[in-house]
Amino acid sequence: MREMHPSQTTDATPAPLLEVRDLRVSFDTPHGLVKAVGGVSWTLSPGETLGIIGESGSGKSVGLEAIMGLIKSPPGHVAGQVLFEGEDVLTMKESRRRQLRGEKIAMIFQDAMSALNPALTVGTQIAEVYRLRRRCSQTEAERKAVELMDRVKIPSAKSRVRCYPHEFSGGMCQRVMIATALALNPLILIADEPTTALDVTVQRQIMTLLADLQREDGMALVLITHDLGLVAETVDRAMVMYAGRVVESAPVSALFDAPSHPYTRGLIRSMPRIDGASGALHAIGGTPPAAGRMPRGCAFHPRCTHRIDRCRAERPALRPVAPRHTAACHLVEEMTHD
Amino acid sequence: MPYLLRRFLQSLTLLFVLVSFVFVVGRIIGDPALIMLGTSATETALDQLRENLGLNEPIWRQYLVFLGDLAQGDFGVSFRYGFSMMPSDALRSEGTPVLPIVLERLPATFLLAGTALVFAFALAVVLGCLAAMYPRSWIDNLVNVISLASVSVVQFWLGLILIIVFSVQLGLLPTGGYGSWQHLVLPALTLAARPLGRISQVVRSAMLDELSRPYIAAARAKGVPEWRVVFVHALKNASIPIVTITGDELSQLLTGAMLVETVFAWPGVGLLLIDSLGRRDLPMAQAGICVVAALVILVNLAVDFAYTVLNPRIQMDNRGGRA
Amino acid sequence: MRHTLSVLALVAAQAGLAQAAPEGTFTVAVHQEPQDLAAQGVYKEINAPGLRNVLETLIATDPETGEYIPVLATAWERVDDRTVRLTLREGVTFHDGTEMTAEAVATNISFIWSPDSAFTIQEYAGPGVITARATGPLQVEVSSTEPDPMMEFRLTLTGIASARQIEENPAEHFGTPIGTGPYRFEEWARGQYWTASANPDWWGLTAEDAYGETTQQFETLRFVFRPEGSARNAMVRTGEADLATNPSPEDCAAAEGNDGYSCITGPSDAYLYGRLDQSLHAHPALQDMRVRKAIFHALDYEGIADLIGLASVPQGQLGTPDMLGFNDSLSQYEYNPDLSRQLLDEARADGVDVDGLVVEVVGRNTTPRVGSVTEVIGFFLEQVGINTQINVQLPDVFNPRVRIKGYAEEAPRAMMQVHVKQNASGEFGTNLLGNYACPDIDDPSGASRSSVHCNPEFDEKLAKALTLSGEERDAALQELVGFLHGQYPILPLALLDKGYLIGDGYDFTFGVDHRFLAVNVTRAD
Amino acid sequence: MSAVDTNTAALPEEEHDRAVAITWRAYAKALLRDRVAFVSAVFLLLLLIAAAGAHLLAPYDPNHANLGARFVPPLGTARDGGFHLLGTDELGRDLFSRLMHGARVSMSIGLLGALCSGIVGITLGVLAGFYRGLLEDLLMRAVDGMMALPSLLIALFILFVIGPGFANLILIFTLLHWMVFARMARSLTLNHQQSTYITAARAIGGSDRRIILTHLLPNMVSPLIVLFTLEIAVLILSEASLSFLGFGVQAPQSSWGLMIARGREYISSAWWLVVMPGAAIFLTALALNLVAAWARAITDPVQRWRWLTPPRRKNQPVDHDA
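From first to last, the protein sequence lines stand for chains A, B, C and D. Quick note: the first sequence uses the numbering used here, first residue 15, plus one each step. Quick note: the second sequence uses the numbering used here, first residue 0, plus one each step. Quick note: the third sequence uses the numbering used here, first residue 289, plus one each step. Quick note: the fourth sequence uses the numbering used here, first residue 8, plus one each step.
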C-alpha cells in the first residue's frame, strides 16, 4: 500500500504530479484536418481533484485520451507536452507509457457496460494487469480480483468473480471498472463521465465510492463531466472547455461564485438548482460548432449573448481573473464585475 | 438445449431433403439404367438392369426401398469399380458395395481439407489482426489483395500454376500423389488460398469493429500490452463471425477438395466421385455426394455448437439464422 | 533418345552367378489405374501396366525374332489344326503356394477364353471357342472348335493365375492377382498405386532359359497412377519415379538436353486408326466410295503423326513391315484436299446426300491426345466441306458404341471411331478378322464384333487365308490388305512408338511381349 | 469512446443529404478518380466488346488448325510469318483468338446465368417480402436449406444425370443460385416497405403491382446490381470448374475452363496454354469483384461520402494552428 499523501491545502503549492502544456490534438478526416483540442494547459497536484467540464465534442475526452497515449497516429496528431513527474508522456517509448498506464495513471469510462470486455470474466479483467505486471499465478490473481471487488463494495465478490459483465447491472459494472483501475494503486485516476450512463441513485453511490477511495489512497482524480452538479460536490478545481479549448479555469468555489466566461455562466444558469430554488432553466442558444467548422475568432461567439465585434476576429487568450482563476474572454473584466 | 436440438432436427431434415433430391434426380429425371449403361446400351441390357435394380416397381415403393437401404448404410453396389467386363455382363456377378469404398477415401480428404483449413485459418487470423491493427498499411493492402484474389482465382488453375512453378520448373515438390508431407504441400496450399482470403477479410473487418469498441480503449488505458489487446480482448469477441466464415469455408473446402484432388491425383472422396461420374457409376456417385453433403451439413451444425461455447452472451434460443 | 532393341539375355551365364538379395524399390509412373488386375488383362499392356511381372503366360513372343519362346511351358507342338499340346515347366508354384499343375493351367485357359466370361480378351478370340484339358501331370492340350493357326499367339496372351483362387474365390481374382511371376502382388491402394514384392521362389532364378536381362530383383515394384503426362515427367526428373510410361514427344525432346533421365523409344505394336462406318447401319453417304475416299484424302497424316508425337505415318495399312501379310506395294493415302472436294462434288452431282452427312469423330478419352486428334480431323474434314461433330467419350460410353450391338440403335450412323489398337500377333490375320470381317449380329462376342466393313467375298478369302501358314499365309494376307486399301474402310492414322522416361540409374530394354518387365531393368554402372 | 468516432460521427450525417442528389456525372467522376475501379471497368468493357465482336475482331479464325505453327510461344511468330500475341496451341490455333471466342461462351454463361437466377430470385424474394406469411416462411426455409448444400457438387450430379452443355449449365446455375438474390431482395423489400414513400403510395391507393414495380424495385436496383456483378464472377468460376471436370461446355465449343483442361496435357512444354485462359478468368473475376466493391461503396449511403469527396493529399503537413 502506498503511503498516504497529505491532504491538500490551498496555500501549499507542491510540485505538480501531471503537467499538461499546450496540448493539441487533431485528426485527418476526408474533410481535411479537424482540430479536436487546440492548445490546452493545466496541472494536477498529488491528491487533487480536477474537474473538466464541457459539452460533448468539446475535446475534454480526447484531451485525456491523448494524455493516456490512446490516440492512434494516423489519423490522430498530438502535439505539446504532457509531463508526468517531469517526464514527457508524449515522447516516451510506448512500452514506458504502457507501464505508466495502470501503474501510475488509470482511467475509467463513461459506459462501463461497454468498456468491459463481454467475452472475459470480470475477475480476469480486474486482475489482468495485476497479473501481467506482478507475474502472479491464476489463483493469486483471482484472490486479488476478489479483494478489489470487495474494496469497491461488490457484494458476494467471491461467487461473482467468474461472472461475465452482462450478468452485472450498470452500476456494478462501473464498480468493476473502478476495481480494474485500482488494481495497481495508480497515482492518478481519470474518470471520464463515470456516472452519466447510470441512474441518479446509482450515480451518487459511485461518486461516494470514488470519493472514499480517493481519500483512502490519496490519489489524484480527474473527473470529466458535463454535469456541473457533480463538479460542485466533488472537485477542488474545475476547468471549462469549449470547442477544444479551455475557456475558464478556477477553484470550484470561485467558478460557481464568480463565473467569468459567458459560456460558464450559461452552463451554470442551465443547471437545475440543488436547493430547489425556483426559476426557469436557461439553455444556451445554438449548438456547439462541429469539428472542422470552427468559427473564426472566439469559438463561442455565435452563441454568445455578450459578443462584441472583436470576438469575431480575434480569439481571446486565457487571462487571469483572480489568483488561480483564468478565463478566455475579451470582456473578462466586465464579466467579473458584472 | 432446445436451440441445439432444433438445429439438429433441421439438419436431419436437410439431409432427408438432400437424399430425396438425389433420388428424384437419379430416378425420375434420369433413368438409372440408362445412366449406368450409357445411351447406346441395348434394350435387353437395359431391361435386365431395370429388373435387377427393381426399377419396374412403382416409384413410391422404390423410394421407400431406397430410404430403407440408406438407413442401413446400403447405397447399392458398383458394377464399375474393379470390373473389366461390360456392365451388362458384370450384372451376373454381385458387384462391390459402394459405401465402404467411399468411407475408405474419407481420411485422405480430411487430411487435405484439415491441413488446408488449419494453415489458412492460422495465417488468416494473424494477417487479419495485423491488418486491423494497422489499417491502410501495406499489410492491410496485402490482406485486401489476397482476399480479392482468392475469390477471383480458379482453384484448379492455381494448382496447375503451382505445379508448373514448384514441380515442373523448380522440381522442389512432387506434382501429385499421396504419402509424404511433401505430397501434401501443394494441394493444401491450393486449397487454402480461398479460405485464407475470405477468413482474413472477415477477421480484419470483425477486428476493426471490435478494436473500435470502448472496452478496447479501456483495456489499453489500464495498461494491457497491445498484443494482448488484439489477440485476447478483441479476437475473442470477433470470434463469432470468424467461426461462421470458417465453417462456411470448411464446407467449401470439402467441395473444393474435389477439384484439387483431381489436379493432384490425391486419393480422396473427391477424386473417387469425379472418377465414378466419369465411369457412369451411379451408386458410387450417389454415395459420394450423400457423404460429402452430409459432412457439409455436419460442419454447419458443428459451427452452431461452437457459438454456444464461444460467446457467453449468446442466448441461443433467440438467435436467428446465420447470414 | 536411345533406340533400344531388346536382346535376349544370356541368362545361362547369369544363372551361375550368386544371387544378390533383392533390394530397393523401383517406382513406375503409369498413365492409368487398372480397372482390375484379372489375369485376362495381361493380354494388353494398357489394361494393367506391370501386371505381367506378377502373372506369366505359357509362351511369349520374342520381340526381335518374332518367334515364340518358352515361359511357363517348355515345349509345345501341334496335334492338329485345332489343337496344341504343351509341356509345362516343372516345379513352378503360384504365389499362394499351390503348384502349377496341368489342371490349374487348363482351368485358367478355359476360364479366360470362355465366351461366358465375356472378358475383353475376346477381341483376340479366334474362329472357334478355346478350351483346355490336362492330359498328364505336366501336359495340357488346348483346342479350338474351329481350325486355328494362330493358337500359339493366343496362348502368348493368356495370363495364368492360381486355379485355387478362380475356383474358391472368383471375386478376389479381379483385385488380388496370384501368379507365378518374379514379383508377387502386395497391395492395390485404389486411386494411388499398386505394389508387388520380389518372389524368392521364382522359377526364373534358377532356370537356364528364363526371359529377361537380369535375375537381380528389386525388393518392391511400385506402380503409381498418374494420368498427367507432365506429372509423370516431373516424377522421373525429380527421382520420385524411376520409370514413366507414355511420355509426350515434348517430354522426350526435353529429356535429351537434361541430366538425370532420358527417353527410350522404339516401335510398338499399337496403331491409331479412324474406323469409318460404311456398311452396317451406316449413313447412305458413307456407303458411297467417293465420299469415303474424299475423307481419306482430306487428312494431313504427317501433321497428325507430328501432333501425336512418337508416331510415324503408316504405309496405307494397319501394321508395320515386319508383320506377316504386310503389303509393301502400298503407300499412305495422299493429303489432297482438292481431290477430296472434287470427289465430293462428283458425289453431290450424283445425288448423294453429302451435305446431310455429319461425320461424328469420336475418340475414347484414354487415347493419348485424342482431344487434339479428333479436333484436327474435324477441322480437316470441315475444310473440304464435310460437316463434323467432335466427341471425346469415356470408355464406358465409347466401348459399347464400337461393338456391333450398339450400331443398330444409332442407325443411320456416320461415326469415325478414333482409337488405338494393339496387334501383338506379328501378322495381319487377327487384324483383318477383327477389323474388316463382316460382323455377325448373332455373335456379339465374336472376333469381328466391332467391324465396320462387310463384304462376303472378302470374308470367304480371309477365312481361307487364316487356315494357311507360312509363305502362303503371307501372300494371301498381302492380297487382302491390298484389296482393303482400295475400299477406304479404315483410316490408318498413325503407327505409335513406345516410349519410356527412365532415370539415369537404370537401363531398360524392351522385353518380350512389348511389356514393362522389371527383369529387363538393369542398374547402370 | 474512441476519439475518432466521437469527432467524425457527426460528419457523414450531413453528407447524406447532400449525396441524395448525386448524379451520374458524379458517379462517373468518382469512377475516374478511383484508378483501380476505373481500370477494372475499362477492362470489362473491352472484354465485352472482344467477346461480342470476336468474329470480327479476332486476328485469326479460332478453329483454324495450322499444324505447321504448333506451340508458338506468346509474342512469337510462326514459320509462315503469322504473329501470335499469346502464342498458339497444340493444333497451331491462335490462342488470343481462341480466348476471345472463349470469352463469348464464358461471359454469356456468366451473364445469362446471373440474369436467370436473378429474375427468379428477385421475383420470389420481393413477393416473399411483400406478402410475408407462409410464402415467406417456406421460401426462406428453402433458401437457408439450399445455401447449406454444396452447390458445385449438386451441379455436378445434376449435369451427370441430364448431360452437360450450355443450356443445361444455365439451368443448373439458375437452380442453384437464385437463393442469393431471393435473400437480398426479401430483406430489401422488408426495409423499404416500412419507409414512408411506400406507405404514401399505399395511401393513395396504388395497386400492389404498381407499388412493387414503380416504387419498390427501382429503389432496390443498386444493391442488386452489385450482387449481380458478383454473381457473374462466381458463375464464371463455376463454369470453369465444371468444364474442367468435363461436365460443362463441350468441345468443339470452347470456354476458358475447357481450354485450361486441354492445356493441362502440355503443361510442361507449353505453359501458356494453361496460364493464359486461367489468367483471363482471374482478371475478369477480379475486375468484376473490384467494380462490385466500388459500386457497393458508392451506393452505400453510409460510405459513399468517402468516395464522392476528393481525398486529402498525401503527406500534407499537419498544421495545428491553421
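No wet-lab data here; the hints were simulated from the structure. We treat Cβ as the ideally placed atom computed from N, Cα and C, and that holds for glycine. Treat the hints with care, since some could be wrong.
What the hints assert, rightly or not - Just so you have them, the derived chain A footprint on chain B, three or more residues with Cβ under 8 Å:
id: 1; region: 161 to 170
id: 2; region: 229 to 236
As the list claims (entries may be wrong) - Covered by chain D, according to a simulated footprint, are these stretches of chain C (three or more residues, beta-carbon under 8 Å):
id: 3; region: 516 to 529
id: 4; region: 651 to 660
Which earlier hints turn out false for this structure, listed by number in ascending order?
1
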